[in-house]
Amino acid sequence: KQEVTQIPAALSVPEGENLVLNCSFTDSAIYNLQWFRQDPGKGLTSLLLIQSSQREQTSGRLNASLDKSSGRSTLYIAASQPGDSATYLCAVIDGANNLFFGTGTRLTVIP
Amino acid sequence: ETGVTQTPRHLVMGMTNKKSLKCEQHLGHNAMYWYKQSAKKPLELMFVYSLEERVENNSVPSRFSPECPNSSHLFLHLHTLQPEDSALYLCASSRRKSVLAGNEQFFGPGTRLTVL
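Read top to bottom, the protein sequences are chains A and B.
Numbered per the numbering used here, the first sequence finishes at 140, counting up by one with no gaps.
Numbered per the numbering used here, the second sequence finishes at 118, counting up by one with no gaps.
There's no promise every hint is true.
Claimed, not checked - Which residues of chain B face chain A? A partial, calculated answer using Cβ under 8 Å:
#  : residue
1  : K43
2  : L45
3  : S88
4  : L92
5  : S96
6  : R97
7  : K99
8  : V101
9  : N105
10 : E106
11 : Q107
12 : G112
Stated by the list, open to error - Derived pair list, reagent style DSSO-like, types lysine-lysine, alpha-carbon separation capped at 30 Å:
#  : chain 1 : residue 1 : chain 2 : residue 2
13 : B       : K21       : A       : K71
14 : B       : K42       : A       : K71
15 : B       : K43       : B       : K21
16 : B       : K42       : A       : K30
17 : A       : K30       : B       : K20
18 : B       : K21       : A       : K97
19 : B       : K43       : B       : K24
As the list claims (entries may be wrong) - Taking beta-carbon pairs under 7 Å as the criterion, some of the chain A residues facing chain B (in silico):
#  : residue
20 : Y60
21 : G72
22 : L73
23 : G124
24 : N126
25 : F130
26 : G131
27 : T132
28 : R135
Worth flagging that the hints you see were computed from the coordinates, not collected in a lab.
As the structure is a computational prediction, the values presented were derived from the model and not from experiment.
Ideal placement from N, C-alpha and C gives every residue a C-beta, glycine not left out.
Only chain A is shown next, with the shape it has when bound in the complex:
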């Protein structure tokens, strides 16, 4: 069964710092990988989706990479802002479009 792990579980950084969130998965036979943001008590907002044929995706200050063979993905956030404070979830997607989630990294950006 696919297991997704996110490290660290929580992270606090001062505003302006660059940071990296990590995601690892046990079964490399995935189709896509997706990063989401979740604000407290809210639903999920998709940030980036990396297809299995791609190695990275960029959107603004966010850059996500994927290494299928090693079962790893990273989400890089440049020049962090207080508005980036949220929980970041990684999900791997199998051939039936089923999503397997990690438990998330709770990010706090301190002004």
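Fit chain B to the supplied structure of chain A, relying on the hints for placement.
Using the frame of chain A, we list chain B on its own:
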């Protein structure tokens, strides 16, 4: 209304109550999903409905009963729940239940359920 909406946003119920959660999508999608998010656990897929198939999940207790009357609406009927069923229930939809490009899942805001 746009996107995926869920009602109610918050629900408190006793163990003997019967209630229903509602999800509606305004995206013209043909697949809808129910997820459960418990504290300190990953989101878990509960049910999937699509034009191609209805996926039953035998690991979900029968006290949760899904209903999908059409492609825009999805319900989760709740009956004799337990306190450990307290969680955030999220609905999602996608164009099709296929991993091909353009079938990304879009999530609603969730219903926060508390079972006393």
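Cross-check of the supplied hints:
no., hint, verdict
1, K43, "holds, 7 Å"
2, L45, "holds, 4 Å"
3, S88, "violated, 14 Å"
4, L92, "holds, 6 Å"
5, S96, "holds, 7 Å"
6, R97, "violated, 10 Å"
7, K99, "holds, 5 Å"
8, V101, "holds, 4 Å"
9, N105, "holds, 6 Å"
10, E106, "holds, 6 Å"
11, Q107, "holds, 7 Å"
12, G112, "holds, 5 Å"
13, B/K21 <-> A/K71, "holds, 21 Å"
14, B/K42 <-> A/K71, "holds, 16 Å"
15, B/K43 <-> B/K21, "holds, 24 Å"
16, B/K42 <-> A/K30, "holds, 19 Å"
17, A/K30 <-> B/K20, "violated, 33 Å"
18, B/K21 <-> A/K97, "violated, 42 Å"
19, B/K43 <-> B/K24, "holds, 23 Å"
20, Y60, "holds, 4 Å"
21, G72, "holds, 4 Å"
22, L73, "holds, 4 Å"
23, G124, "holds, 5 Å"
24, N126, "holds, 5 Å"
25, F130, "holds, 4 Å"
26, G131, "holds, 6 Å"
27, T132, "holds, 5 Å"
28, R135, "violated, 11 Å"
In this structure, the earlier hints numbered 3, 6, 17, 18, 28 are contradicted, and the remaining ones agree with it.
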